[in-house]
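**Q** I would like the entire structure built from these sequences, with the hints used as guidance.
Quick note, the sequences are listed as chains Y and H, same order.
Read in the numbering used here, the first sequence has 171 at position 169, and its numbers run on one by one without any break.
Read in the numbering used here, the second sequence has 180 at position 190, and its numbers run on one by one without any break.
It should be emphasised that the hints constitute simulated quantities derived from the structure, not laboratory data.
In silico negatives: residues of chain Y with every beta carbon more than 12 Å from chain H:
| # | residue |
| --- | --- |
| 1 | Phe57 |
| 2 | Arg68 |
| 3 | Ile78 |
| 4 | Gly143 |
| 5 | Gly146 |
| 6 | Ile185 |
| 7 | Lys206 |
| 8 | Pro242 |
Below 25 Å or equal to it, Euclidean Cα-Cα: the simulated DSS-like pairs (lysine-lysine) are:
| # | chain 1 | residue 1 | chain 2 | residue 2 |
| --- | --- | --- | --- | --- |
| 9 | Y | Lys229 | Y | Lys62 |
| 10 | Y | Lys7 | H | Lys91 |
| 11 | H | Lys260 | Y | Lys208 |
| 12 | Y | Lys7 | H | Lys88 |
| 13 | H | Lys120 | Y | Lys52 |
| 14 | H | Lys213 | H | Lys58 |
Pair by pair, the computed Cβ-Cβ distance ranges are:
| # | chain 1 | residue 1 | chain 2 | residue 2 | range |
| --- | --- | --- | --- | --- | --- |
| 15 | Y | Ile11 | H | Met183 | 24 to 30 Å |
| 16 | Y | Ala276 | H | Ala46 | 40 to 46 Å |
| 17 | Y | Ile275 | H | Leu161 | 43 to 49 Å |
| 18 | Y | Pro48 | H | Ser61 | 31 to 37 Å |
| 19 | H | Ala(-1) | Y | Asp66 | 51 to 57 Å |
| 20 | H | Val38 | Y | Thr203 | 52 to 58 Å |
| 21 | H | Ile5 | Y | Ile185 | 27 to 33 Å |
| 22 | Y | Ile287 | H | Leu161 | 37 to 43 Å |
| 23 | H | Ile245 | Y | Pro210 | 39 to 45 Å |
| 24 | Y | Asp66 | H | Val38 | 51 to 57 Å |
| 25 | H | Pro186 | Y | Phe200 | 34 to 40 Å |
| 26 | H | Ile231 | Y | Gly12 | 54 to 60 Å |
| 27 | Y | Phe200 | H | Ile5 | 18 to 24 Å |
| 28 | Y | Gly139 | H | Val38 | 24 to 30 Å |
Cβ atoms here follow ideal geometry from the backbone N, Cα and C, with glycine treated the same way.
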Amino acid sequence: MKARKKRDIGWYILFTVPLLFIFVTVVIIPFIVGLFYSFFDWDGLPLNPKVFVGFDNYIKLFSDTRFGSTAIQTTIFTLIAVVLINLLGLAFALLVTTRLRTRNIGRTMLFMPYLIGGLILGYIWKFIFGDAFGAIGEITGQSGVFFNWLLDSKFALLALIIVSTWQMAGYIMIIYITGIQAIPDEVIEAASADGAGFWQTLFKIKFPLLMPSFTICLFMTLSNCFKIFDVNLSLTGGGPNNATEMFAMNIYNEIFMLNNYGYGQAKALIFFIAVAVITLVQVSITKKREVSM
Amino acid sequence: MRKTKRVLANVLFLIGCCMYLFPIYIVIVNAFKSRAEIYENILSLPSVFNFEYFFAAMKKMEFLNAFKNSSIVTFGSILLIIILASMTAWMLARTNGKISKTIFSVLVATMLIPFQTIMMPLMQEMGWIKDTFGIPMIDTLGGLIYMNIGFGASMAVFLYHGFITAIPISLEEAATIDGCSKWGVFWQIVFPMLKPTTVTVIILDVIWIWNDYLLPSLVITSKNLRTIPLSTFSFFGQFTIQWNLAMAGLTLTIIPVIIFYLCAQKYIIKGVAAGAVK
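**A** Right, here's the structure in full:
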């Protein structure tokens, strides 16, 4: 019996340790080391000293106006983008679950943008909102709408919202489709037998039963939008005048462009806490509103 | 009357979908045009299908080399993630102790950590490993694969764990009584049953690793080790962008993705749905 137990432990180690070793060295250790870095002032050069500054980096955050405006921009961006992505994704999902003959090819096409990486998508739209809009404006004379959006701070933010929506709506559609298909046909039939119209069925039957899908989709879009980096980098690069610099990019610039390693790491940890709090609160709220069949 | 209405609905829907993909159309048509022709009319089809920009773009971004690097990293990372994560998940699911539970909760909890929170210390640590032990973690495809495994571990273990707890243990017990070792039980009986989850993990990780930009940009500095997202930087690094070359380059990077999508469409949509819902 004892020999067998020993052998079982051996198997346990053989099966789990290789992955856990990699995981610990790639995720856990840097996370803990990062905590230490956030209490130091350091420019990233190995020869230069790391100076212990206690909570100074965290206190400095409150008077950092660039970080403050980044926080506001990220919040505005996230709120609008989450609403748009979910509205569009849900509308797409309702469309491709109708009896349209073309629904399958439609689904294929609507999902496609998600597969093209954020960096490439950003470049594609950089051309459209920048050069293409400029050129179209000159030709048509409609320069009120068609001008280089990326040079205007408000329109650049709008461009970022549009591109993120374009990228994510098809993805969110897939999750809503799964939810819609899980609704039993009998329920819908019973509703229409009782004389419920299209909108009544939609709001009184489908939406309540789709609550689990809402939870997932809100979670996905919230955390993805809040953490946006690739599209931000390639589409606007944070410009003009940092007006579209989101959290992730602000942290990246603080560390690797301005060489404030300690201060940047403090930002990165605050970023982590913000992401964790937002997603956990959101999940617990929507979970409560789910109805069971 | 009803029939015309239905046809009309289908046609309108298809037109709408095509409009949605209009940006992709713009990239592809402009990849054939000269610089002057682009600005004459951005929306029109090219007057001649001129492939010279594709060859120029291929050369500039070293497309074939980047494609090879991306393939190595994607394939290597995913192969190892699948092998290691399925083994780990099985042990954690079948050994119901405090240790297993703790490990699993830690893995799941870390999924909330954004990459930006650990990127700097991670690079410091990998640099330190390189200097101290002489293991080349920085600026090698192997190092990049190693880090991808670390970042893909939690999601893969999570998906496998969910699937394993739903399948009955009796088959494994029968095999154990027949004298099969744990290694044999796992690879001959359990792993083949995990196929649906394996497909999901492959799909999710292909989308992520193939398109990943930030981690490779920090790890890889040599030009000849660039992956595809890194190589597109050759068009956008300068102040003036040569858009006709850039368009050709972007088209080149999109086409493999679209081909992959059309071939494995059924699996991709299923995999993405399964990965998100769990």
